[in-house]
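**Student:** Next come the chains, spelled out residue by residue.
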Amino acid sequence: MATSHDEEFTAFAAASLPQLRRTAYLVCGDWHRAEDVVQDALIRLYRVWRRVERQEALLAYARRTTIRLLVDESRRPWRRERPTAGHGADSWVSASSAGAVDERDVIVRALSTLPPRRRACVVLRYYHDLSVRETADVLGCSEGTVKSQTAHALATLRAVLGDLDLVKGTSS
Amino acid sequence: MTELKHLLDRAADGTDTPLRTDPVALLHRARSARRRHRARVAVGALSAVTALAVATPLAATQLRGGPSTEPGALTPAASASGDATLSESEVVARCYEQVQSYNALARWGAGAGLPPRSKLPIETYRAPNSRRYDYRVGDVASVESAEMDSFGSFYRLCLIPATGHESDPVPLTTFVPAVDDDAMIAQVCSETEPQVGQVRNLRGAEVVAAQRGPLLLAALLRQGDDYYACSVPHPDNTDDMDHTINLATPQSHVVVQAGVENGKPTGPVDAYYYAAGRLDEVAGAPVAAIRIEIRDQPTFTVPVQGGEFAFVHVVPDSPGGIHGTRYTLLDADGDTLGEPSTWSDAQG
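Chain order of the listed sequences is Y and D.
Residue numbers for the first sequence follow UniProt numbering, so the first one is 1 and each next one is one higher.
Residue numbers for the second sequence follow UniProt numbering, so the first one is 1 and each next one is one higher.
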């Protein structure tokens, strides 16, 4: 990669890091891990910079890579560990939750009860407002899978969060 | 804006956690990673040959309280603790040579056709848990370098040697303890990597359930009123010490760890399915067993004693991982008590 591309990369990294980290945080629930994953995604982006630059938006590629890294990491050999049911999410939520639980913690704790792919569906559909098709592209799965995973996720969130009208006004 | 969108926006407000990434430093890492990627592609064919060479047949799993099929790995002479508490620099000095010998075994090192991992200066190493624990000779300590070479980070366990024995070989299997080696299990499970997950001093904790496969130990430890599930993979399989612990919260169904371990890319591709945790009563009846179904595999049952369990299940020759799993809670008569939400598919 030529020097000009290096400069473009550093500028892009500086500009996109905050947004990508927010996305990653919602999926993994840990700010530091989120930043680590975003770094990995950007490093991968660098490797294919020219091709991606020609074919699609760099930010979309970086976001897709970030999400896939997080979902795949949960299945990675030696790393996979998750509370799986009920209310056993304490160990997953970041240490910041030791203090008072505020509104931000509520949704992060609720998300932590979801498997990673469902978490990603919720974040992509309702935080990034992506369509079902766009979400399927990011996750590399069918639109039907996105619909079913999202429906299951919302059902779980409703059970955890109570009677909040979570998605009023949206369409699938 | 939907209620969910509002909640997500609020949750993603990271102003309290400033970014720590330097884009220029990230560029250097990206350039280094690209070079490494190209090198790996170049040696891919050689790795495939190596896989055949190092493949080993599976041994049976070893269940706590059952017949032992594998010897304990800890060198007895090295397990006797000395009296003096060691400072962090003393721990690093004693462990340095041992750690270097492990680095030489790394997956992407000489065994895969690449140059050996670089020998980082001792000054770059630290013992991250030394402020938590009073280490003595014979203890297990975690040691890591603040730097990374082109193959990644260095986080290692070390059996702190006595003076004059710094270069004595300590097999990596030392850190995947036998199921009845409570002290060693507790020590290893106390040395999880701070950057990866929680660290808890479990020394002295009671090991209430454990099972060990050729490349993995799963254990449940009780410390006071708290339970911790701990998984310990063979370090040589990961190039790292990726053992983890999780608090087993009593109000959950508490299968706190479940996963698949596939062996390193140059090794046999066997899938591991493992879990450890607690199970409360269901509908007033104690859970006596968990029946586990894995798609296209024979169903198997895991005993639950006093609500506690740990198991390691090996599915040989499963390069694609394990797909489609379901578990059912059974009472002492084998009747179904409940079918909690499934563990999601686990792929290696």
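Mixed in with the good hints, there may be bad ones.
[Said to hold, decoys possible] Calculated pairs, SDA-like style, for lysine to any residue (alpha carbon to alpha carbon, straight line, at most 20 Å):
1. K147(Y) / T2(D)
2. K119(D) / S101(D)
3. K5(D) / R47(Y)
4. K5(D) / H5(Y)
5. K119(D) / L172(D)
6. K5(D) / H128(Y)
7. K119(D) / G138(D)
8. K5(D) / L130(Y)
[What the hints assert, rightly or not] Now the in silico label distances, taken between C-beta atoms and shown as ranges:
9. R158(Y) / D9(D): 12 to 22 Å
10. A14(Y) / T301(D): 46 to 56 Å
11. S148(Y) / E293(D): 54 to 64 Å
12. D333(D) / P18(Y): 21 to 31 Å
13. R295(D) / A57(Y): 14 to 24 Å
14. H5(Y) / R203(D): 44 to 54 Å
15. K119(D) / A57(Y): 36 to 46 Å
16. R136(D) / G144(Y): 52 to 62 Å
17. D317(D) / G140(Y): 48 to 58 Å
18. D280(D) / R158(Y): 36 to 46 Å
19. R326(D) / K147(Y): 36 to 46 Å
20. G144(Y) / T124(D): 44 to 54 Å
[To be verified] Derived coverage of chain Y by chain D (criterion: at least 3 residues anywhere in the stretch with Cβ under 8 Å from a Cβ of chain D; other residues may be distant):
21. 26 to 35
22. 119 to 126
Since the hints were derived computationally from the structure, they do not count as laboratory data.
For every residue, glycine included, the Cβ atom is placed at its ideal position computed from N, Cα and C.
**Student:** Take the hints in turn and mark each one as holding or not.
**Tutor:** Okay, the hints, checked on the actual structure:
1. K147(Y) / T2(D): Status holds; Cα separation ~18 Å.
2. K119(D) / S101(D): Since the Cα atoms of K119(D) and S101(D) sit roughly 10 Å apart, the hinted pair holds (cutoff 20 Å).
3. K5(D) / R47(Y): Cα-Cα ~33 Å, so violated.
4. K5(D) / H5(Y): This hinted pair is violated, its Cα atoms lying about 35 Å apart.
5. K119(D) / L172(D): holds (19 Å)
6. K5(D) / H128(Y): holds (9 Å)
7. K119(D) / G138(D): With a Cα-Cα distance of about 24 Å, the restraint between K119(D) and G138(D) is violated, given a limit of 20 Å.
8. K5(D) / L130(Y): Given pair K5(D), L130(Y) holds - Cα atoms ~12 Å apart, limit 20 Å.
9. R158(Y) / D9(D): 12 to 22 Å: holds (19 Å)
10. A14(Y) / T301(D): 46 to 56 Å: Holds - the Cβ-Cβ distance for A14(Y) and T301(D), about 54 Å, lies within 46 to 56 Å.
11. S148(Y) / E293(D): 54 to 64 Å: violated (21 Å)
12. D333(D) / P18(Y): 21 to 31 Å: For D333(D) and P18(Y) the Cβ distance comes to about 57 Å; the hint is violated.
13. R295(D) / A57(Y): 14 to 24 Å: violated (38 Å)
14. H5(Y) / R203(D): 44 to 54 Å: holds (51 Å)
15. K119(D) / A57(Y): 36 to 46 Å: holds (43 Å)
16. R136(D) / G144(Y): 52 to 62 Å: holds (59 Å)
17. D317(D) / G140(Y): 48 to 58 Å: Cβ of D317(D) to Cβ of G140(Y): about 26 Å, so the range 48 to 58 Å is violated.
18. D280(D) / R158(Y): 36 to 46 Å: For R158(Y) against D280(D), whose Cβ atoms are near 24 Å apart, the range 36 to 46 Å is violated.
19. R326(D) / K147(Y): 36 to 46 Å: Distance hint for R326(D), K147(Y) is violated at roughly 22 Å.
20. G144(Y) / T124(D): 44 to 54 Å: Given about 50 Å between the Cβ atoms, the range holds.
21. 26 to 35: holds (count 4)
22. 119 to 126: With 3 residues close enough to chain D, the hint holds.
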